[in-house]
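Required output: the full structure, derived from the provided sequences and hints.
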Amino acid sequence: MSIEQPAKLDLSGMIQHTLGRRLEAGELGVLLSRAGVGKTACLTHVALEHLFQGQEVVHASIRETPETVKIWYQELIKNIVAAQSLAEEETAYLQSQVETHRSILTYHQDAFSPTRMEQGIRNLKEQIGFHPSLVVLDGLDFGRVTRATLEEFQAVLKRLEVAAWMTARTHRHITTVNERGIPYPCHDLDDLFQVILALDPLPDGIRLMALKLYDRNHPEHLTISLNTQTFMLKKD
Amino acid sequence: MLKDMSKLRNIGISAHIDSGKTTLTERILYYTQRIHAIHEVKGKDGVGAKMDSMELEKERGITIQSAATYCSWKGYAINIIDTPGHVDFTIEVERALCVLDGAILVLCGVGGVQSQSVTVDRQMTRYQVPRLAFINKCDRSGADPYRVTRQLREKLNHNAVLLQIPLGVEANHQGVVDLITMTAVTFEGEHGDKIVESDIPAEYLDEAKLRREEMLDAVSLFSDELTEAILEEQVTPELIYEAIRRGTLSMRLTPVLMGSAYKNKGIQILLDAVTRYLPNPHEVTTQALDLDQDEEGVDLQSSPDLHLVMLTFKLEVSRYGQLTYVRIYQGKIQKGDTIVNMRTGKKVKVGRLVRMHSDEMEDVDYAAAGDIVALFGIDCESGDTFTDGQIRYTMSSMYVPAPVISLALKPKDKNAEMNVSKALSRFTKEDPTFKTYLDDETGETIVCGMGELHLDVYVERMRREYNAEVETGMPKVAYRETIQRRAEFNYTHKKQTGGAGQYGRVAGFIEPYAEGDYLFINKITGGAIPTEYIPSCDKGFKACLKKGSMAGFPIHGVQLTINDGASHAVDSSDNAFQQAAIGAFREAYLKASPVLLEPVMRVVVESPSEYQGTVLGTLNQRRGKIISISEDGAFSSIESEVPLAEMFGYSTILRSGTQGKAEFTMELARYNPVPKNIAEEIVKEHKASDKSQKK
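So the sequences go chain by chain: Z and G.
Note that the numbering used here gives residue 194 to position 142 of the first sequence, counting from 1, and the numbers run on in steps of one.
Note that the numbering used here gives residue 635 to position 436 of the second sequence, counting from 1, and the numbers run on in steps of one.
So the derived list for chain G, only partly shown, Cβ under 8 Å to chain Z, looks like this:
#1 E353
#2 Q811
#3 L815
#4 N819
#5 I826
#6 E830
#7 E838
Pair by pair, the computed Cβ-Cβ distance ranges are:
#8 G/D405 to Z/G72: 53 to 63 Å
#9 Z/P271 to G/S449: 48 to 58 Å
#10 Z/Q161 to G/E412: 20 to 30 Å
#11 G/N689 to Z/E141: 22 to 32 Å
#12 Z/K210 to G/E659: 51 to 61 Å
Honestly, the hints are just simulated from the structure, not real lab data.
C-beta: ideal position from N, C-alpha, C; glycine also.
Structure, rendered in C-alpha cells:
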C-alpha cells in the first residue's frame, strides 16, 4: 500500500542521518531521555518518516489512550506543515494519509505483554491485511520490565518481521552507567538493542546522540541537533 | 413548594446501557419514599420499574425516553432525569444534560468504563456538568471497583477519588467502608432500609487507611483549611465534605461511590453525596442570548424576583394530554401567568402546572428559578425558550445532529394512515433528530433518524401507542452529493414560443465550498443582470441543491459565483432568471466532477480479547478502517470507522460471532466519498428507479 500522492515533505530524516539506514526487520532501537525532553514526540517523528513513505506502522502505547496518541501525530504534523511553509490543506491530506497507514494499539500497563502485542498485530495482518514494517512502542516501564520480557519482544519482532523503536526513561538521580557508557535503565540490557540513542535538552533545541550503533559504542560525530517543535534536523 | 434553592438538586443519571441506572433510580425513589415497593426493570413481576414508563421500554429493558421525577431526601428536593443509555437516543441525553446542574455517572463494576460511558462523559464535559461516579453491580462476579476507578482516570481523564472501598465484592459484597467517617456501613432489612455503621473489620483496615490517605491527599488540594487540619491531625468529616464539594463543583474532582442497586447497597450514601457535593441551581452559571442586543450573551440569575426565562426540554403526550417539561432558569411562573414563546412570538397562558413523578403527577401552583416542572396545553417545540414578554432572551440552541438514515413507511389501511400522521406529528415535536417528509415522486412517507434502532423504536411506538400498522421499506442511507473542482457556466434561457417571452443569461462558475453547504456570490458589475433578478439566480441555484443530477441526493458544499449575464427589457423576469440559473447549474455541475458522499460512523466494539480477530474481520468486511485497539484486562475495545451503509444488521452478526459477548456503539464521524465501484451501483439504481417512476 503506498500513498497515492507522495507528500511534499522532506523530514530530513534524523534516523537516516544518524544511522545511515533504517532499522531492519527484527532490529530494535531505543530512545533514552529524562521525562519531558520529548521521547514520545521523537518516536512519533520516527513513525512519520515511515508513514510519509507509504509504509504501515503500528504505534503501540502503554497507558496513553488512542485519543492522546492521535493528538501527538496531529500536533507534530501541524508543526511540520507550518515549518515547511506548506499550504494549510496539506495538514488534512497528511493526517488522512497517516490514519490510513497507522494502527494504534494501547494497553494498560498490566495488560501489555509481547505475545499479546504479537497476537494483536497478527490479527491486523490476517483480518485486515495490515502489514507494518515498523512498530513504535511508547511507555514501557523499564523500572518493572525484565530481561526476559525484552528478549521475548525481540523474538516477536523477528517472527513478525518488523523493526521496532521504543522509549526508555532515565532519571536524574540514578547515575548508573555501564562500562560501555550506556546509562540506566539500559545499562544491563544494552546487548538487546541494535541502536541506543539519547536525547538531551539544549537551550534552543534537542541534542540526539548515538550511544550504540550496532557493534560500535559512542561512535564519533554522531550527534545532531533537532528542532523541538518538529523534531527535524536543525539546519544550522 | 421549596423556597430555599440551596436545597434543590437537578440531577441526571447517565451511563452505558445495562449499567443498572434504571434500577438505581428505582431504588432512589424507594428510599425517598416516592414509591413503596421495588420492581425490577425487565418486568419479572409484571409491573416494571417506575422510570421506564413506556411499555416498550419495559419490554426491552432499556430506557428510551427520559422521564423526569421529583423526590426529597433529608430536607433536600431532587429532580431526577433518567436518561437513555443507547447511543441512538443521544439527543435525549443531550437535552437532559442541558437542563441539569449535576449528574451521577453510573458505571458497571464488571464492565467498567465502556464505549457508551465515554460518549456520555464527553457530552457531560461539553455541558460542564459536575458529576459523581457510582460503581454499581459490585455484587456481580468479576466486579472490581478499583479497576473501574483506574479506568475513570485513564479513559475519561477524571481525577477520580475513592470515598469508599467495598466491604467485599462479588457474592461477598456486604456494603462499603466509608473513608470519610472510617466506618463499615452495611444495609440490612428486606430492602436494605436499615443502615448499620460499625467498626471496620480488621481485614479491611490497612486498605482503608491507605485509601483514606490517598483520598485526603487528593481532596486537600481544594481546601487550605483541610490541609491545615491534616497537619494538626484535626480532620473532621465536615472539612472533607466541603473540600470534596469544591473540587466537584470545579469539575477537577470526581468522587467515587459504590454499591449494588439491585442488592440495595450503597444508595442512601449516594443520596447523601448528591446533596453534599452536587451544585444547587445558584451555583451554576447559565447564559442566554439577548435578541435585542444582537444575541449578546447574558448571565442569568437564579432568582425568582427577576424576569422569567425558561427552556422547554421535553414534550410528551401522556395519558393526561400534552405535557411540556421546562427548566426555569430565572424568575417564576404560576397558574394564570402569560408567557411568550421567543421563537414564534406567541403568547400562551399557563394552565396546569405539575411536578412529574415518572408518569404520575402532582399539581403545583408556583415554580421558580432552578425548578424543573411540566406544563399542560402549551403549543411549542422542544428547545423553545419562554419569557414573561418583558425581555427577549433565548437560551443557546442545543446541538442537533443531522439524521443519517431514512426509512419509507406505508400505512396498511386508511385508519392507520390517520394515526401515522398523528404519531409523526408528535414524534417530530418531541425529538428534533427524528424527521419526516413526503417523497413527492414515490408518494411514500419517509422518516429519518440517527440509526436503525432509533427508527425501529418509533415504528414500534406507532403500532403500540397509535394502533398504526405500517409496512416499512429497507433502511436507506442519507447520501450526499458534492463537487471536486471548479467549472464554468454560461447559460441562456430563451423561450419565445407564443405568449410572453422568457430571457435570461447567467454566467459564472461553481466550485467546492468546504466551510458550509452553500454560498452564493454576486460579482456582477455594470448591471449585466439587473439587481432585481440577482435573488432569482440565488433561488434557481438553491432549487438545484435539493436533488443532485448524479444520483438524486441533496448537494452539499458548493459555492456559486455569478460574474456576467444579460437581460431583455421585455422578456426577462424572476422566473426567466430562476430557469437560467437552473440551466447554468446543470451545465456546470457535471463538469465539476460530482461525487457521492456517504456517512461514515465511528464504531467502537467492546469485546473479550479472544474475539479480537473475529471482530476485526467483521469490521473489515464492512469496509471498516481500524483506528485503534485498546486492551485492558481481558477486554479489547476496537475503534473503527465504517460506512453506515455497511452497518445494517451488524448487531446480529456481532452477537453471533462472539457468542453475544461483544457490543458496539456508533456515532456519525464524517462524510466521505463513496468508492467508485459502489457509487456506480448507486447511480445505476437511482437511474433505474427514476425510469420506473417515469413509466
